[in-house]
Amino acid sequence: MAERILSVENLKVDIPVASGMLHAVQGVSFKVDRGETLCIVGESGCGKSLTSLAIMDLLPSKAARTADKLELDNKNVLDIPEDQMADIRGNLMGMIFQEPMTSLNPAYTIGNQLEEALMRHRNVNRNEARDRAVFLLEKVGITAARSRLRQYPHQLSGGLRQRVMIAMTLMCGPDLIIADEPTTALDVTIQAQILLLLAELQKEFDMGLILITHDLGVVARVADRVCVMYAGQVVEQGSAKQVFEDPTHPYTQGLLECIPIPGKTERGSHLGSIPGIVPSLVGDMNCCHFAERCPHASDPCRAEPVGLRQGFTEAHDYRCLLTPEQCADNLKQKVPA
Amino acid sequence: MLFYALKRFGVAILVALSVSVVTFSLLHVSGDPAAAMAGESASEEDIEYVRKHYGFDRPLPVQYADWAYRAMHGDFGQSIYLKRAVSGILAERAPTTMILGALALSFALILAIPLGVLAAMFPNTMIDRFALTIAVVGQALPSFFFALIMIIVFGVWLRWLPISGHSSWLNFIMPSIALGYYATPAIMRLTRAGMMDVMSSDYIRTARAKGLKPRVVLFKHALRNAIIPVVSLSAVQLGFMLGGSIVIEAIFSLNGRGSLAWQSIQRSDFEVMQAIVLTIATFYILLTFLADLLNAFLDPRIRVS
Amino acid sequence: MANGTVAEKLPSAQAILEPSPTSLMLKRVFGHAGMTIGGGVLLSIFLVAVLAPLLAPHDPFSQDLTKRFVDPIWGAKGTWEHVLGTDGFGRDYLSRMMFGAQTSLLIGFSAMLISGILGTALGVAAGYFGGRVDMIITFIITTRLAMPVILVALVVVALIGSSLTIVIWVLGLLIWDRFAVVMRATTQQVRAMDYVAAAKALGCSTLRIILTEIMPNIVNALIVVATLEVAHAVLLEAALSFLGLGVQPPTPSWGLMVSEGKGMMFFKAWVIAIPGTALFMLVLCINLLGDGIRDVTAPENRN
Numbered sequence: 038m039a040e041r042i043l044s045v046e047n048l049k050v051d052i053p054v055a056s057g058m059l060h061a062v063q064g065v066s067f068k069v070d071r072g073e074t075l076c077i078v079g080e081s082g083c084g085k086s087l088t089s090l091a092i093m094d095l096l097p098s099k100a101a102r103t104a105d106k107l108e109l110d111n112k113n114v115l116d117i118p119e120d121q122m123a124d125i126r127g128n129l130m131g132m133i134f135q136e137p138m139t140s141l142n143p144a145y146t147i148g149n150q151l152e153e154a155l156m157r158h159r160n161v162n163r164n165e166a167r168d169r170a171v172f173l174l175e176k177v178g179i180t181a182a183r184s185r186l187r188q189y190p191h192q193l194s195g196g197l198r199q200r201v202m203i204a205m206t207l208m209c210g211p212d213l214i215i216a217d218e219p220t221t222a223l224d225v226t227i228q229a230q231i232l233l234l235l236a237e238l239q240k241e242f243d244m245g246l247i248l249i250t251h252d253l254g255v256v257a258r259v260a261d262r263v264c265v266m267y268a269g270q271v272v273e274q275g276s277a278k279q280v281f282e283d284p285t286h287p288y289t290q291g292l293l294e295c296i297p298i299p300g301k302t303e304r305g306s307h308l309g310s311i312p313g314i315v316p317s318l319v320g321d322m323n324c325c326h327f328a329e330r331c332p333h334a335s336d337p338c339r340a341e342p343v344g345l346r347q348g349f350t351e352a353h354d355y356r357c358l359l360t361p362e363q364c365a366d367n368l369k370q371k372v373p374a
Numbered sequence: 099m100l101f102y103a104l105k106r107f108g109v110a111i112l113v114a115l116s117v118s119v120v121t122f123s124l125l126h127v128s129g130d131p132a133a134a135m136a137g138e139s140a141s142e143e144d145i146e147y148v149r150k151h152y153g154f155d156r157p158l159p160v161q162y163a164d165w166a167y168r169a170m171h172g173d174f175g176q177s178i179y180l181k182r183a184v185s186g187i188l189a190e191r192a193p194t195t196m197i198l199g200a201l202a203l204s205f206a207l208i209l210a211i212p213l214g215v216l217a218a219m220f221p222n223t224m225i226d227r228f229a230l231t232i233a234v235v236g237q238a239l240p241s242f243f244f245a246l247i248m249i250i251v252f253g254v255w256l257r258w259l260p261i262s263g264h265s266s267w268l269n270f271i272m273p274s275i276a277l278g279y280y281a282t283p284a285i286m287r288l289t290r291a292g293m294m295d296v297m298s299s300d301y302i303r304t305a306r307a308k309g310l311k312p313r314v315v316l317f318k319h320a321l322r323n324a325i326i327p328v329v330s331l332s333a334v335q336l337g338f339m340l341g342g343s344i345v346i347e348a349i350f351s352l353n354g355r356g357s358l359a360w361q362s363i364q365r366s367d368f369e370v371m372q373a374i375v376l377t378i379a380t381f382y383i384l385l386t387f388l389a390d391l392l393n394a395f396l397d398p399r400i401r402v403s
Numbered sequence: 020m021a022n023g024t025v026a027e028k029l030p031s032a033q034a035i036l037e038p039s040p041t042s043l044m045l046k047r048v049f050g051h052a053g054m055t056i057g058g059g060v061l062l063s064i065f066l067v068a069v070l071a072p073l074l075a076p077h078d079p080f081s082q083d084l085t086k087r088f089v090d091p092i093w094g095a096k097g098t099w100e101h102v103l104g105t106d107g108f109g110r111d112y113l114s115r116m117m118f119g120a121q122t123s124l125l126i127g128f129s130a131m132l133i134s135g136i137l138g139t140a141l142g143v144a145a146g147y148f149g150g151r152v153d154m155i156i157t158f159i160i161t162t163r164l165a166m167p168v169i170l171v172a173l174v175v176v177a178l179i180g181s182s183l184t185i186v187i188w189v190l191g192l193l194i195w196d197r198f199a200v201v202m203r204a205t206t207q208q209v210r211a212m213d214y215v216a217a218a219k220a221l222g223c224s225t226l227r228i229i230l231t232e233i234m235p236n237i238v239n240a241l242i243v244v245a246t247l248e249v250a251h252a253v254l255l256e257a258a259l260s261f262l263g264l265g266v267q268p269p270t271p272s273w274g275l276m277v278s279e280g281k282g283m284m285f286f287k288a289w290v291i292a293i294p295g296t297a298l299f300m301l302v303l304c305i306n307l308l309g310d311g312i313r314d315v316t317a318p319e320n321r322n
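Protein chains in written order, with the numbering used here: chain A, 38 to 374; chain B, 99 to 403; chain C, 20 to 322.
What the hints contain is simulated information worked out from the structure, not anything from laboratory work.
It is possible that some hints are incorrect.
Claimed, not checked - Sample of chain B residues at the chain A side, in silico, Cβ under 8 Å: (1) Y162; (2) S299; (3) D300; (4) T304; (5) A307; (6) K308; (7) G309; (8) L310; (9) K311; (10) H319; (11) R322; (12) R399.
As the list claims (entries may be wrong) - Restraint ranges, calculated between C-beta atoms of paired labels, are given here: (13) F395/B x T226/A: 31 to 41 Å; (14) E119/A x L192/C: 56 to 66 Å; (15) N353/B x I242/C: 37 to 47 Å; (16) A55/A x M283/C: 49 to 59 Å; (17) N323/A x I208/B: 49 to 59 Å; (18) G180/C x R313/B: 57 to 67 Å; (19) G309/A x S298/B: 37 to 47 Å.
Beta carbons: idealized from backbone N, C-alpha and C, even for Gly.
Start from the sequences, fold in the hints, and give me the full structure.
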């Protein structure tokens, strides 16, 4: 029933660096439906931001992007001419970035920047664009919207600027919004507000939402589906319920141990940590990327690359040599007595 | 913003005052106005007479105060050589230098800004190297040599342009280029650096994410921000050009303030020299002041609140 | 800072210290060859200048009016006796060029030394002491910047009379502004460092702090500006001599040689082309060397 908004299959991003070729994103696949929130989770450097930039085709010029399939609204957007891509950006799909303080042009009023987003893609005059801008500013919770239009970005706080960014992304009524850590740079109290806002807007405008974050707390609040990335690969993917209640991949299990989950974590128990550091992605790694740090790693893990396999349900994948039952056992052992 | 402007204006006046003091002292310490006025064949007594008659025997501060008082009323004294009011001569000669300066700056901007933008857009390509080569050459080539070469090539070999005089606008082409190219490297470098800086900024990424056309991203968003420091630099460079035009005007026989300065130097015409240095300094100060205002105006972060 | 508005109006030290197009370009194309080539050619010019009395085939001052404006070796009637021809007084051009190198380098370095000492003293004082001292010195710098250098130099030289020494001193006392600006900015940066605070806490005297903590850390910037100012002084002297108010004839100076050759330039372009190109090469090499030093000591990494 749900309409497929985005299909990504085997997305790869390679960046040439001084010491060789950095395989920043290695064969990432996922789908987003209308009305669904997909959270891409992972630590810094796992490739989640580059994945989002790759979808929008906003990668730095040195980076090379390949994929087997990249479809928006069931239309191919892979290897299409740049001018066609520019017609799609800001129109059918939009993006919200992490740093609201620097994401708006300091030389123009926010009204100007909002209006141009619409006027670029639709045949409207400035007054119509202005009305839409006011409408959306009010939707994102900004009062006195019409007079705000004449203000400059530096006159607004970080939280307000991020709201403006959200409104700007909505100007053309896109089908998909990618939010790359939209709340990381904001106060904790504002974070909650912005996330709630995104969730509301998604429902109201019936869009697909990809939320990229390293904060599992955020994921718990808003995700329908979760995609866990580690070292350039997807290591686990499934419904939020599945991933949180029965994390299968050792990395996911480790992640969830690191944070206190209200209701699950017992008072006074130790929070876990994952020893070791992220491996370098330069050159080829012919083994499981997590093997160095995995408490359950064995020789086969270090011998060959590991592929995705089905987990407990059809919509659940993970990347490990262990069976789902073995992983579940591992999890049970970790739960303190 | 108003307070800011007033404060800057006050400082500007003080600087102008200091320049006049320094120049006055330099002139009167380096040379003898009485001897200059009396002429080459004057005797000791003649010089002494001139000295007493024109008050050159008074203490320097008194002489300066007198000059300053008159200057504030627009009276810059009399030219020893031309026997006319200096202010009148200056007013006559000023337009030529202004035109020369404006044309020189225009040339520098027309050459430097597009090159800087292109070099920033296509780093490490032939365009970038070409731009950098022009900058390298511009910084090392002596202006008088460049002027002479141009005269030989364009005036004599190709016969495209007139060599001297000021009968038509064609006369201004070579002098403008000779005067302006020295500012090109600095402006180009600043544009290039500014554009590269701006192009990698977050708001440009946002502009692209909105699907804006490349030309819009480049001009409306990027250049608009990158150009702010270039405006200031251009004003300062114009100030330098107005002060440094003496060599060019001498070579091309242009009747501007620079050649007036040259003539008065050769004739030890004190009043004219003093007045010219002060006027040029005042212009420079005015231009930097204007540059500040423009800077503040162009950047909403300064202009608003 | 109390003196915010005035101080802000100084040219940006960063702009002067940032890698110039020259260094960026050459880094891409040749690695550090720019510095090597520039330094190498500069060294040759320096050696030629120093050894001119030994290398020059003729006495640069001896005239021979029967051999005026003889063509250089590539001309129709050129001979090996006068490889670069002769000037309007029959003096050997090659010899004059060699001795002219002496003039340019001597004036360039001397003026740089004078302006360097003056400018550095002012800049370090302003940067280290801040407050009132900074305000006053910045005001002095702004005043100097408002004065047209060439004009003032011409005026003073015209009145006092021109000679090698006077030119050196006039230039030296005029072009110290870039030293002051850059040293001031660099000193401010260094002063904010912890090791300076530590030295102060130990009770070191001001002079000692300046000499042992501040100076070593601003030396890199100082060298960069020093090379730029040598080039600046060379160009200024050339312009002064060209106008007749620099080095006086018969002393050979490249600027003067261009001026002396002006009359013949329509017929024998080489008369001005040779000294003019030499000036260009000299300044170019100094700039390349300076950029190379700037590259190697890399203040660009501070950005």
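Violations among the numbered hints: The structure conflicts with hint 1 only, although it agrees with all the remaining ones.
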